[in-house]
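Assemble the complex: chain A is given as a structure, and chain B must be docked to it using the hints.
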Amino acid sequence: MRRLMALTFLIVAIIGCRGDNVVSPSTGIAVGQHPSTDADCWGYSWQCDQVRAGIAYLLQHANESCRAAGQSAQARYDAPPGEAGFAPGNAGGDNDQMYVIMGYPASTPSGQGATDHYTYMQGSYYGLSDAQSGALIAHEEEHQNGDDGINHNTGKAQALQDKCLNNQS
Amino acid sequence: MKRTYMVLLICLTSVGLNATIARPIGAQQPSLSQRDVVDIADALLSAITRPSDSLSRVTIANRKIVFDVDRTLNSFGLPNAESESQNLKMHNSVLHGSKAVLDDCDIWGARNCASLGWKAYVWLTPLSVSPDSAIVRFHIKWPDRGRTTFAAGSSPIGKASLVGYATDVRLSRSSGTWRVVERIRSLAQ
Numbered sequence: 483m484r485r486l487m488a489l490t491f492l493i494v495a496i497i498g499c500r501g502d503n504v505v506s507p508s509t510g511i512a513v514g515q516h517p518s519t520d521a522d523c524w525g526y527s528w529q530c531d532q533v534r535a536g537i538a539y540l541l542q543h544a545n546e547s548c549r550a551a552g553q554s555a556q557a558r559y560d561a562p563p564g565e566a567g568f569a570p571g572n573a574g575g576d577n578d579q580m581y582v583i584m585g586y587p588a589s590t591p592s593g594q595g596a597t598d599h600y601t602y603m604q605g606s607y608y609g610l611s612d613a614q615s616g617a618l619i620a621h622e623e624e625h626q627n628g629d630d631g632i633n634h635n636t637g638k639a640q641a642l643q644d645k646c647l648n649n650q651s
Numbered sequence: 003m004k005r006t007y008m009v010l011l012i013c014l015t016s017v018g019l020n021a022t023i024a025r026p027i028g029a030q031q032p033s034l035s036q037r038d039v040v041d042i043a044d045a046l047l048s049a050i051t052r053p054s055d056s057l058s059r060v061t062i063a064n065r066k067i068v069f070d071v072d073r074t075l076n077s078f079g080l081p082n083a084e085s086e087s088q089n090l091k092m093h094n095s096v097l098h099g100s101k102a103v104l105d106d107c108d109i110w111g112a113r114n115c116a117s118l119g120w121k122a123y124v125w126l127t128p129l130s131v132s133p134d135s136a137i138v139r140f141h142i143k144w145p146d147r148g149r150t151t152f153a154a155g156s157s158p159i160g161k162a163s164l165v166g167y168a169t170d171v172r173l174s175r176s177s178g179t180w181r182v183v184e185r186i187r188s189l190a191q
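Line by line, the protein sequences are chains A and B. Per our numbering: the first sequence = residues 483 to 651. Per our numbering: the second sequence = residues 3 to 191.
Hint data in this document are derived by calculation from the structure and do not stem from the laboratory. Each hint should be verified, as a subset may be incorrect.
[As the list claims (entries may be wrong)] Derived lysine-lysine pairs resembling DSS-like cross-links, with alpha carbons at most 27 Å apart:
1) B:Lys161 / A:Lys638
2) B:Lys91 / B:Lys66
3) B:Lys161 / B:Lys91
4) B:Lys91 / A:Lys638
5) B:Lys66 / B:Lys161
6) A:Lys645 / B:Lys91
7) B:Lys66 / B:Lys101
8) B:Lys101 / B:Lys91
Chain A extracted, bound-state conformation (with noise of 0.2 Å):
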């Protein structure tokens, strides 16, 4: 009875053990769990073969603009951590698109400032295809070099996200 009881205990301390939240770097948003193996993966291993596949995608794509989000988006997957990155994001909501933390002053509601160099990926970026994990990714990194704010009036990053969709575009 006492070694069921000590494996119960043992069952139930290994799952909560295992459930470190982590946060993001300088955002201090939570990001959930972090249980990759891959050393060189700062989320769940899908996530981060499915941005190595949207940003292979785009720097193959016909459309030089494209090439150049892919070119931005493969510095910023290997830039050292704590300078720029993707990460695993928990932004709430409906949890259905990437996002990129856009820090701002309250004088700016524009939101034309400058971001974390982070771009976050949501729960259900999981199951994109290659070509709309690089077009979303395109999309962020209009954001990210200042091409369009929070309120996305210059229309670039839509723009580019739909071209980048299509690879003969």
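Then chain B, alone, in the frame of chain A:
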């Protein structure tokens, strides 16, 4: 064996603490009333969705705001608003609606997003709440209709891409009135 039990005890205590700390705010006892939440929403709408500001090149005055009051109240751990409740009247001119307005929208520009039309959909989620201060995430989504020109009184035709952002805002209450203190960060999508 004693050492094993000690480790187990520490782990279990940690699990318990984790569960307590990580509990979603909506599951905690609400520390704000429905009136408080609606007042916070009013303060945020006034500060963030000014009529002259544009979202994807269309002014907010033209778009109109659909505010999801029930989703917002629920996220604060509060029950739905009673319909036509006089107690929950808002100062800002908003339409009331639910997430269903997004049902025919997507981020790929493949659907018409006709239910939303030109409107922007807004809801709030709490990040940190006390009786006199709060950090709240303001969510807003709208259809980007590309080069389609806004025309008052007519429903937009054609496909749209759903875009949006969220912004974290610190508020405080003094003399019973909620005021925006600062925007902390935003999340463009």
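Exercise. Which numbered conditions among the earlier hints are violated in the structure presented, ordered from lowest to highest?
Worked result: 3, 4, 6
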